[in-house]
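2 protein chains.
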Amino acid sequence: MKIRYELLKEAKDCNARLGILHTNHGDYETPMFMPVGTQATVKTLSPEEIKDVKAGIILANTYHLWLRPGEDVVLHAGGLHKFMNYDGPILTDSGGFQVFSLAKRKDITEEGVKFKNQYNGDSLLLTPEKSIEIQNKLDSDIAMSFDECIGYPATYDYCKQSVERTLRWARRGKEVFNNDNQSLFGIVQGGDYEDLRRHCVEELTKMDFDGYSVGGTSVGEDKETQYRMVSYATKYLPKDKVRYLMGVGDPIDIVENVIRGIDIFDCVSPTRLARHGHALTRYGKINLKNSKYKEDFTPVEEGCDCYCCKNYTKAYIKHLINCEETFGARLLSIHNIRYLIRLTEELRKAIKEDKVLEYRDKFIKDYYGDKNA
Amino acid sequence: MKIRYELLKEAKDCNARLGILHTNHGDYETPMFMPVGTQATVKTLSPEEIKDVKAGIILANTYHLWLRPGEDVVLHAGGLHKFMNYDGPILTDSGGFQVFSLAKRKDITEEGVKFKNQYNGDSLLLTPEKSIEIQNKLDSDIAMSFDECIGYPATYDYCKQSVERTLRWARRGKEVFNNDNQSLFGIVQGGDYEDLRRHCVEELTKMDFDGYSVGGTSVGEDKETQYRMVSYATKYLPKDKVRYLMGVGDPIDIVENVIRGIDIFDCVSPTRLARHGHALTRYGKINLKNSKYKEDFTPVEEGCDCYCCKNYTKAYIKHLINCEETFGARLLSIHNIRYLIRLTEELRKAIKEDKVLEYRDKFIKDYYGDKNA
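Protein chains in written order, with our numbering: chain A, 1 to 373; chain B, 1 to 373.
One or more hints might be untrue.
No distinction is drawn between identical chains; accordingly, a pair holds when it is met within one copy or between any pair of copies.
Subject to a maximum C-alpha distance of 27 Å in a straight line, what follows is the list of computed BS3-like cross-link-like pairs (lysine-lysine) [as the list claims (entries may be wrong)]: (1) Lys294 / Lys82; (2) Lys292 / Lys54; (3) Lys294 / Lys241; (4) Lys54 / Lys310; (5) Lys289 / Lys116; (6) Lys82 / Lys310; (7) Lys116 / Lys292; (8) Lys2 / Lys239; (9) Lys160 / Lys289; (10) Lys2 / Lys310; (11) Lys292 / Lys106; (12) Lys310 / Lys51; (13) Lys349 / Lys160; (14) Lys292 / Lys12; (15) Lys310 / Lys292; (16) Lys106 / Lys362; (17) Lys285 / Lys54; (18) Lys2 / Lys285; (19) Lys285 / Lys82; (20) Lys116 / Lys294; (21) Lys235 / Lys352; (22) Lys174 / Lys294; (23) Lys114 / Lys241.
These are computed hints drawn from the structure, not numbers from a lab.
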């Protein structure tokens with residue numbers, strides 16, 4: 001069965017939407033934040049811990065799983081859910097972003113992208129068909145179309161040509177797609193040009209994908225530009241399909257893009273910040289390596305309902321981080337992911353009450369404090 | 001309250017003992033294996049996971065906690081149990097072994113051991129009194145006397161002098177000991193000389209410690225010598241006190257030393273092996289990095305009741321270890337610790353049935369297979 005997006009309510013004060021995503025692995029309210037499990041594991045966490053922070057969908061990376069352990073190993077294990085022992089919904093990306101950003105030498109042609117395997121130097125070719133074939137085998141709940149990821153800024157002409165290629169690649173992927181229990185999303189490109197974003201949306205909707213993603217963000221653009229890009233896409237996207245903004249996880253960006261009509265977010269930031277000893281809190285990001293926490297026997301965030309905050313102190317976590325004990329990164333990963341999920345819970349409440357803009361103002365005041373007051 | 005050892009039964013076929021250790025944090029059957037939580041965390045595991053593998057006491061290292069975060073931080077946190085959120089019993093070592101083995105430059109005098117702090121180069125002096133003072137503040141359930149750790153082999157004269165120093169240090173520590181909720185163990189030294197071991201035991205028992213530890217093993221001696229050293233100590237130790245063999249965790253050594261009357265073991269091996277991708281199983285140690293496990297969708301050990309074996313396959317764990325994902329080390333740590341605890345459970349059963357020697361033969365046949373058949 002394919003996923004189904006049910007629109008419950010549109011906010012009166014902005015373009016925010018409240019919805020439910022019905023999947024083969026449960027129904028989840030949106031807006032939603034997806035933790036990233038790059039290599040079939042959300043770094044440092046167990047599947048039970050992912051559930052405990054009330055995560056819905058998690059994201060796994062096609063590029064990484066293709067290289068290690070290989071999609072056939074996952075297929076023979078019975079698919080990604082069985083392989084990693086996670087019975088919640090999983091979304092796989094197309095591998096495109098990683099090929100464009102991680103591979104040192106690459107050769108982009110109409111066929112696809114040629115690059116060197118970073119682990120053994122082998123020549124590899126990722127095409128729209130290959131990306132879909134791998135994802136069909138991984139058997140995630142949602143697969144992504146293979147698109148061309150360009151940087152920012154890009155000229156209008158370059159962007160226009162790239163959008164056309166992304167559309168041709170989306171069509172090629174859709175044609176070979178072969179998994180009845182998996183949904184396929186199209187990716188909206190077009191840089192910061194409204195007519196290109198609109199064109200891309202219109203062509204993708206003709207192909208009738210199960211959901212749509214806004215791509216080409218988090219590639220060097222400033223926040224205002226990102227919000228504009230998102231607006232250009234959501235303005236034209238169909239209301240009855242879910243909208244996913246890829247790779248965006250800064251708390252303020254989640255708030256601002258929910259306001260612009262985004263339903264799903266993902267980002268590696270909560271687990272990456274955790275490994276560096278940083279915690280996200282209502283009153284901004286804190287660095288637990290700071291000596292002032294040495295004897296701070298209060299939780300990372302007062303009032304937080306996560307396992308980390310209910311059981312451990314800043315002083316203990318600071319000690320673990322100082323000693324490079326992985327339990328420290330684990331506790332902060334739990335907290336940071338839960339923080340972002342709580343943020344989406346609060347946004348859903350604000351949508352229900354038509355107080356999203358009010359929520360944003362309060363969020364900014366709390367998070368940035370006097371700095372932006 | 002002090003701990004109390006209750007001897008339930010002595011095996012008929014060897015010197016193995018079945019007992020119960022009554023502590024302020026619960027009662028636990030012996031023989032027992034203690035997981036090591038060097039820096040107030042059993043590497044990669046949560047306190048709940050330590051409970052899940054049915055661990056009793058865990059060990060924390062005085063040397064490491066003295067250097068980071070400092071014993072006063074732990075004291076101000078309300079003691080080690082509160083600091084690390086563990087409500088089971090905790091034993092702290094004296095710091096002696098670490099000072100002798102980790103510090104690069106050290107100066108041993110009658111007063112104690114002078115050495116350089118490995119993190120900031122500061123000059124530090126660890127004395128019997130200081131070790132006890134730190135442990136009193138850490139507020140573990142069991143503290144260890146500060147002893148001189150010598151290598152193997154050592155001459156009779158050197159060993160004899162060292163035993164006398166260890167006895168003087170034990171007396172000095174006991175004199176300043178000041179924590180009514182903590183027990184203090186004496187450490188039996190004496191190398192592989194029976195009369196020195198006997199002398200050490202006799203002098204320590206006169207001082208009346210709450211339990212006794214066999215030291216001076218795992219310092220380069222072969223297995224037969226280790227077993228002899230242990231026999232020389234247990235032969236003379238009082239039956240109504242618990243006996244702890246420090247730093248020994250090779251499965252066969254646990255079996256052989258239970259046979260010689262040891263009640264408690266500790267070792268970093270299960271978590272260290274896990275970080276290198278090794279798993280302990282009834283049929284020997286396996287290396288999950290081996291390519292033959294790539295598509296092995298069976299558990300690490302068939303029949304094992306641990307979280308790792310009940311939920312994950314060798315293929316998945318191999319993938320995690322290959323990708324250096326810490327969840328792999330965590331799963332194998334759970335399994336390896338549970339393996340050693342299961343081993344002690346089986347030994348307790350064998351003692352009840354007076355079949356310890358029979359159990360040893362079967363253990364060797366299974367674990368080493370044809371190699372020792």
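Tested hints:
1. Lys294 / Lys82: between (42 Å within a copy, 15 Å between copies)
2. Lys292 / Lys54: neither (31 Å within a copy, 37 Å between copies)
3. Lys294 / Lys241: neither (49 Å within a copy, 39 Å between copies)
4. Lys54 / Lys310: both (16 Å within a copy, 23 Å between copies)
5. Lys289 / Lys116: So Lys289 and Lys116 pass the 27 Å test across copies only (24 Å; inside, 38 Å).
6. Lys82 / Lys310: Between copies only: 13 Å across chains, 31 Å inside a chain, cut-off 27 Å.
7. Lys116 / Lys292: between (46 Å within a copy, 26 Å between copies)
8. Lys2 / Lys239: This pair counts as within: shortest intra-copy Cα distance 17 Å, inter-copy 69 Å.
9. Lys160 / Lys289: Classified as neither; 46 Å inside a copy, 47 Å across copies.
10. Lys2 / Lys310: Neither way: Lys2 and Lys310 sit 38 Å apart in one copy and 31 Å across, limit 27 Å.
11. Lys292 / Lys106: So Lys292 and Lys106 fail the 27 Å test inside a copy (47 Å) and across (32 Å) alike.
12. Lys310 / Lys51: Answer is both: 16 Å inside a copy and 18 Å across each meet the 27 Å cutoff.
13. Lys349 / Lys160: Neither: 39 Å inside a copy, 75 Å across copies.
14. Lys292 / Lys12: neither (44 Å within a copy, 59 Å between copies)
15. Lys310 / Lys292: Within. Shortest intra-copy distance 21 Å satisfies the 27 Å Cα cut-off; inter-copy 43 Å does not.
16. Lys106 / Lys362: neither (45 Å within a copy, 58 Å between copies)
17. Lys285 / Lys54: within (21 Å within a copy, 37 Å between copies)
18. Lys2 / Lys285: Neither way: Lys2 and Lys285 sit 38 Å apart in one copy and 45 Å across, limit 27 Å.
19. Lys285 / Lys82: between (36 Å within a copy, 26 Å between copies)
20. Lys116 / Lys294: This pair counts as between: shortest inter-copy Cα distance 23 Å, intra-copy 46 Å.
21. Lys235 / Lys352: within (21 Å within a copy, 75 Å between copies)
22. Lys174 / Lys294: neither (55 Å within a copy, 31 Å between copies)
23. Lys114 / Lys241: neither (33 Å within a copy, 70 Å between copies)
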